[in-house]
Amino acid sequence: MTTPLLRVEDLRVHFFLDEGLVRAVDGVSFDVHPGQVVGIVGESGCGKSVTMKAILQIVEPPGRIVGGRILFQPDSGAAVDLTRLSPKGPALRAIRGAEIALIPQEPMAAFSPVHSVGEQIIEALKLHERQWRPSGPRLSRAEARSMTVDLFRSVGISMPEERIDAYSWQLSGGLRQRAMIAMALSCRPRLLIADEPTTAIDVTTQAQILNLLRDLQRRHGTAIVFITHDLGVIAQMARYVVVMYLGRVMEQGAVEEIFHAPKHPYTRALLRSIPSVNVAPRTLLPTIAGSIPHPLGRPRGCPFHPRCPDAIPGVCAERAPALRPVGSTQLASCFLYHRDEAVEP
Amino acid sequence: MSVLAPAVPLTAEERVSVASSWRLIWWRFRKHRLALASALVLIVLYVVVLCPDFFSTQDPEATDARLAFIPIQRLHVFDGFRPSPWVPDVAGRRNPTTLRMEWRVDESRRIPVRFFVTGYPYRLLGVVPTRIHLVGAATRDGRERLYLLGTDRLGRDQWSRLVHGTRTSMTIGLTAVTFSVVLGVLLGGISGYYGGPADAVIQRLIELLQSLPTIPIWLALTAALPRDWSPQQVFFAITVILSLVGWTTLGREVRGRFLTLREEDFVLAAELAGASQGRIIVRHMVPTFLSHIIATSTLAIPAMIINETSLSFLGLGIRPPAISWGVLLQEAQNIQTVALAPWLLVPGAVVIVSVLAFNLVGDGLRDAADPYSQ
Amino acid sequence: MTRYVLKRLLLLPALLFLFSVTVFAIVQAPPGDFLTTYVATLASSGSSISAEQVEALRREYGLDRPIWVQYLKWMGNLARGHLGLSLEYQRPNAELIGERLLLTIVLALLSFVFTWAVAIPAGIYSAMHPRSPIDYVLTVVNYVGVATPNFMLALVLMWGAFAYLGMSVTGLFSPDFVEAPWSLARVVDLLKHVWLPAVVLGVAGTARLTRVMRANLLDELNKPYVTTARAKGLSEWRLVVRYPARLALNPLVSTIGWYLPALFSGSLIVATVMNLPNIGPLLLRALINQDMYLAGSILLIYCFLTIVGTLISDILLAWLDPRIRFEEG
Amino acid sequence: MSATPLLEVRHLKKSFPIRRGWNRKVVGAVAAVDDVSFTIREGETLGLVGESGCGKTTTARCILRAMAPTSGEILFRAADGRVVDLAPLSHTGLRPLRPQIQLIFQDPFGSLNPRMTIFDNVGEPLLVNGLRDRRARLDRVADLLELTGLRPEHMHRFPHAFSGGQRQRIGIARALATEPRLVVADEPVSALDVSVQAQVLNLLLELQKRLHLTLLFVAHDLAVVKHISDHVAVMYVGQLVELATAEAIFRHPRHPYTAALMRAVPVPDPLAPSGDVALAGEVANPANPPAGCYFHPRCPFVVETCRTQTPPLREIEDGHVVRCHRADELALTGVGAEPRRTV
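Protein chains in written order, with my numbering: chain A, 6 to 350; chain B, 0 to 373; chain C, 424 to 752; chain D, 1091 to 1433.
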């Protein structure tokens, strides 16, 4: 295999609240290879969005990266550990937007309402000009504008010349998200982080956006980290899937294996519990007992053990299992497979 | 059925689970140390308001030109190492050229200060006739007196006047805000709950009132008060004038709360359950915004106090012989006099402290008011 | 945008009408009229005036007519630019108000500039470094600033300057220039004196504005568009100034509408304390002496300044915030 | 099919005025619900689906009479056997009927009064409908909590002590307090986590069986709707476009919009590609809908008639109604026909 474009190693992000410590991300590792679509899936509070923010070093206080490495492989030279770079420093700012771009969840709130959409994209173009175009004359305003129009066209926005001067609240949800994608792609990044990009969007529009992303990904070969809680979306988008629960990776592997040969009890139970158009109607669904614990009351040991049907008494409640291979591409953190592989608490 | 995991960590679970909103608000408010200390200051001030005479050392109205401009007698708590409060005596001598009394602090002569001493007669809380005062000079011959904050140009005891002024100024703030709340809740409530034409009329009225230049209008209104009104009438009129302009902010706030509350799911749920309108308002809507209204009103009191003080200072508010902080500060209008007797500025410091306390308590309440926001 | 402004301008006469009725009602409210006060003042100073003369004066000022006729007459005069005659000073009101009005506006504007120039940077700094030592200092200063009535501040300053520096900080001019005609030297002299009252007048407002700016900006900093901008690679300072600070300013701009008028009227008390020659003390005297047309004219000028202030802030807000521009346009 | 109809909605319309200017003059209207008719029989579940702004929530709110419909009839068979038209009833006229029609909310956080205990929240419908005795109310609330899988001893806690899923159970308990005959569930699981969704769906299915409930289930998630419904109604821009049994509509959708909606849902199976052929364009603006069939600008099967003539709602098979000119000639594919690959 090639060297990974992004390697997250034992990442830990903790939130120091007045009420106590929240281990939002607690030892997460995964790789993203060039051109690969990696899906991170999990329920609320699993830490998927915090992981994304940690990669870009935009975790808000009182959150702090307290451990682990995030290695990013630039075009040439050795990989840089993003956690070592100052969050406000120029080195990281040169990576944000230019090398790693973000498609946020709420396209409505993600654009400034008092600046036109085009203006905000032109800003990104000019900001990273020397990165996506190392030589040549300085980018003129007219040139930046026409490039933005082209970008709009390439993400399927009709009447781009007019839409460029629109404000985000004048656009429909679908158009807004397309404009967001145009902005993310403007500096030709090598990694795209899509944080629940279709959650706030209707299903027919979601299909359009997902198609667009797939199409752009095929054309540009951009690697994508796709974060979502929707198992359907993840199955259709990702090649490789990371399943998270309460700040830890439960299981990861190729999409076919995760969906057709899930190893971790959580993944198995989760997949069984979703109603599908293919399941016999009006029958009881197999469920996961209980509910997701409060972030401040995270269980000791394996975070899933209180709800796990296969929990091993005296083991799962005591120590947290380490993430270890369970198949050719699959890894799971579960004592059912590696009785002795624990991480220090 | 499934096993239910608690949503809150087990340690504090039981206590938090059964905590009512007021308890949660109290828990949150308690965390603001400054607000808590300020609340204590306000409690002390309002205790003074209840029975100012008890805290006075002398009759605030008693004038004696020979005792003009006596400086502050600094209170000493210890006599040597023995806790026995005392103040130094002051001795006066008339300056032969200026003909003014000049006072000199005489540290060698100590006047002992004692608690619960006998002084001028008054009625405690307006009912119980008594002569007991909290502090006073322990006099043997009845000659020595205590001037904790000095005297003014008419020889009146500044401390006793300040205590009485506190009653007026703190009460005016509270009553004016009470009037505003009544007006604001009533009109804002009608506006927000019923909407339609009533809402339109009230909204325009609020806009009109808010675009009036307040201070000049206040001045004009207070100047229009008949000169021969009694202090009580003037007090009441000033309160009404202050609240007439002050209710609009509260009215807007209440209206806004009603408008958002009307859209709340739990209000709809009550409606669908068949609850009457009265029940929905009293059980569901009012408890939800009550804490916010209390916080907003607390924050509105300081403005009222400052406004009263300013009006009285200009001679258009509370008029002598009634005493308020503004009236006391009138004595400090002449800079030459202030240079001679800087203690005349002390009431200003009290104004600042009380306003500060109200602001801090109000901010603490506002932050604590919505325990479900997170 | 033009339509929006036009619409606001059309509302202006209606508002002025409402205000003029209010003002007239208020100045008419005291029992008796200014002639009674005048006669009483004359009597107390030893001179007297005959009943016929009083009647003549009453007719001259139209005081014998029904109240609405008096109002119409007053408005008619106002419309023609006649502000009437001050009874107390026996001079045209316009003359009395003229120069003082200019000084009032200069003072208010200077104080406004001071407020914004200090409060906005301070608020931005505080919000960007919450819980830093400077933030704590600013917070303390702000709390005290808000709690201090500006006349109190004026008193303390005047006392300090007098008692420790032996100087007087009252007035807007040195003694030589008080009655002098306008000249460059007089303007310079004015500038030497005006800054202190301007600062005194602006302290409470600055404190309040800093707090509001800090709170607004802290709110805005949590919005997703800030995350987007940060993920774009903008530097922190540029990002804050360009996006959240701009949005945090919007609600403040809408407060100019009442802040400017509040300055006009707030200067009234400070001016009285510091003996500044602006329209504040004039109004105070007029009110006390029931010089009703003078008081009425000044009150109406205050109302007019208020309306203009509101209008300016509305236009500014529409210019700053496209959401308002498009909704109303 | 033999069960008696409990609710019959006929030609329901609800339009909201568009106001402009300082005097809030009415300058137009948005037809949020535009001529909707359907029937729900006793003990059955009707799923109402559509994308945001299609009018499904407005329809539900009109039936609940949380808002007054502009026109149309809402015929409800009350407990005493009378059939009442809810549409024209006043506040007072509605009060005796309120207990019989209840709502389960979408948002488990906003629908419970945070300042009242669970007992007071769940007991409120009982109290306002005449159960004044506190002891009796305590017993009844305890029963309801047990019924919905909660611990009765927690009834003196406040809502903030419960998780989203638990709150939704409390909301269900409150809705069932007055033994309603019709329960409207407005997106009851869409705010819940995947692992909790199944629990609540199961609870609804069990309760329906046990209490013989009739359900109007409003949702945007087709998989959930298919799982729980007997009949499914699809709405688009305020109009009903298709109505049939769940089985029929998913196997053989007759309206191109229904078919497109089904295909757009991503299937949680990487080997069953879905969502590849996305509909073009966006949902029409209900304030300014296109001429003819509202769906025509996005329809892949559009013909000239569609652009000019509004298609009527017609029954093309027994119990299968559709609003499409070409419903007879199109052969559309549904989902769930082929068995899923199992693990």
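FYI, nobody ran anything at the bench for these hints, they're computed from the structure.
Hints are supplied without guarantee of correctness; some may be wrong.
Said to hold, decoys possible - Below, computed lysine-lysine pairings styled on DSS-like, alpha-carbon distance capped at 25 Å: (1) Lys430/C with Lys1103/D; (2) Lys1103/D with Lys1115/D; (3) Lys430/C with Lys131/A; (4) Lys93/A with Lys646/C; (5) Lys131/A with Lys93/A.
To be verified - Examples of chain A residues toward chain C, derived with CB under 7 Å: (6) Ser117; (7) Ala171; (8) Tyr245.
Unchecked claim - Derived Cβ-Cβ restraints for the label pairs, each shown as a range: (9) Pro39/A with Ala1377/D: 40 to 48 Å; (10) Ala64/B with Leu439/C: 50 to 58 Å; (11) Ala1377/D with Trp618/C: 54 to 62 Å; (12) Glu148/A with Ile738/C: 51 to 59 Å; (13) Ala1377/D with Thr170/B: 37 to 45 Å; (14) Arg554/C with Pro39/A: 54 to 62 Å; (15) Ala1377/D with Val40/B: 52 to 60 Å; (16) Ala1119/D with Asp315/A: 55 to 63 Å; (17) His1101/D with Ala285/A: 48 to 56 Å; (18) Pro120/B with Ala479/C: 39 to 47 Å; (19) Thr170/B with Ala1119/D: 27 to 35 Å.
Here a beta-carbon is modelled for each residue, glycine too, at the ideal position from N, C-alpha and C.
Failing hints, ascending? Failing hints, ascending: 1, 3, 7, 8, 12, 13, 14, 17, 18, 19.
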